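> Each chain is listed here by its residues.
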Amino acid sequence: MRTTSAFITGAATASLIAIGWNIGQAGLAAENVDTTSTASSDHTATTDTTQATESTNTATDSTTDTSTTDTSTSTETTTAAAGTDGTFVGDTVQTRFGPMQVQVVISGGAITDVQTLQFPSNDRKSVQINEQAIPILLAEVLDIQSADITNISRATYTSQSYKQSLQSALDAAGYTG
Amino acid sequence: MNIATTSPRTRQIPSAATLRTRRSRRYTRKDFLEALVPLTSAVAVALFFADGGARYFGTVPETIIGIGILAGLVGTNLLLIMFILAARVPLVEKVVGHDRALTLHNQLGKPVLYLIAAHFAGLIVGTALTTDTPVIQQVVNYWDADGDMLKAFLAFIGMIVVVVSSIVAARRVLPYAVWHAIHLATYAVLVLSIPHQFEWGGMFAEGTAARIYWAVLFIATILSVLVFRVITPVVHNLRHRLVVARVDTIAPGVVSVYITGRGLERWAFPSGSFGQWRFITPRMLWEAHPFSVSAAPNGRYIRLTVRALGDNTTALQRIRVGTRVWAEGPYGVFTETVRTSPKVVLMAAGIGAAPIRALLEDMPAHRGDVTVFLRASDAEPYLVTEITDLCRARGARLVTLSGRRANTASWLPHEEWANGENITHYVHKPRECDYYMCGPTDWMANVRADLAAHKVPAHAVHWEEFAW
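Chains as they are written, first to last, in my numbering: chain A, 1 to 177; chain B, 1 to 468.
Partner residues aside, some chain B positions facing chain A, computed with beta carbon under 10 Å:
#	residue
1	V45
2	A54
3	D146
From the derived model, a few chain A residues whose C-beta atoms are all more than 10 Å from chain B:
#	residue
4	T87
5	Q103
6	V105
7	S107
8	G109
9	D113
10	Q115
11	T116
12	L117
13	I134
14	I136
15	L138
16	A139
17	L142
18	D171
19	G174
Note that these hints are calculated values from the structure, not bench results.
Model, not experiment: these values are computed from the prediction.
Don't be surprised by glycine CBs; every beta carbon is placed ideally from N, CA and C.
I would like the entire structure built from these sequences, with the hints used as guidance.
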């Protein structure tokens, strides 16, 4: 290869990677903003604007934290702080394959249901795995009445993120088992 | 069928300016094709990052996974390039040249294996760390995961076998047919590796640009192999039906084989090109041999001149008239297309005279612009009678160099070398000529060293690597 061609190729190679990187960063930033705005839309119209601004400001460091705190606050209000009974929304947990979020229904001091609000579904494989794994996890939670579930092989990410989101919901409920 | 009646196609003699333009165009195309190796790898990496790949580089275990994925992506890209390089794609054959394409193919083998091994190790170790699973358990988990992952494992094992069977030491031990059979398994490796790439881990997830890009790349690769390695040869051979028409023994152990067929004017093997020839006899059917043509295309016959070197070339000495021939080609850029100046020096040693004779036959040049060197150890150079006649007809100068080898690295016989001779003693203004050489590898290396010592530009020196 001639020297000029080598330089052009080198520059083009570097540019391609740089462009890809920038698109990716933009995408990740947008993802974070998305999560924040979804969370703030749960709030009442009056506080919406300020909440959204605050969340956007903090979006870079701890988006997930901000959004979950917001969300759980809102759920508690809807359930009117009825001790441990009610429906509690868990954290959105980001995995390699997409976000996981569950909500737990507590009635009479027992876990009666866990609803999966969103699960990793970036690709067909993930959807397939999750559709198999989530019912198994749910059965186990109802059985042992805690978030102390064991990992399902082939669905490690699902198991762990499910567990994490569920635990945060239980924490919000002040549920101790 | 008389050689003397052969009338080469009259081609216009190119001017120095035409040749300069041609050279610059060829180099631009070549650079572009070569640039595709790093550029496509960069696209693979860029698509990974564009799809949020940067999120892998948070924690150490995730970083290991991320690096593993990148290794897999670049390795797969290079693997597809290896397929393209071996697919006999006409553009690659014409611009890069058959021998260089295969050399690059060989050079990529090990790096691809290492990258795929890094991919394998990265994902196993990375996932084991994130999930607190022992590494062995993680291997078992993946193996058990499902059909796609099992196929990927088998593809990886297959790839190791193919690369190991292709390293020099193994190739020396393995018969060609065995090596070739193992090599065909790479197609299985490629196909087995596809499902896990598209189904797992959201890599080429539905709706992403990466999925479309990679799908197109895989399809294009598989199609180019199918079209140029299977369909084209089948069509050529069914249409032209090649048959051995005449066999002349031109020297002890050297034969000229004339091959005829239907409509040969539409399947021309240009002077200096070669084909893969398979003679349909029970014994020779299993191996195709690369032989250069020893006559310019004439529409009536293709001629090969072959010296008995191995089992099959020996068997070829007794080949019967009427034997069917299965051919693939033409391949190679040891042809007029790579010429860069009006003056041409053709240099042959031993059986290398075959393609040199063909080039002499129809090289468009003014009288006095072509010089031919024939190097032989002691006896008469091969094809010397035909070449002498052609030189007379074309107004070319013939230099015959006979005698034992020089004791040092010289392409000249001992005596000439001892007199302190070199290229300048035979060629006037050596920097203004093109050199086409064909002969033993070390002899050609010696010629190239002499030419380089006299500042002949590399683009004016042409030779074909037959050592694969």
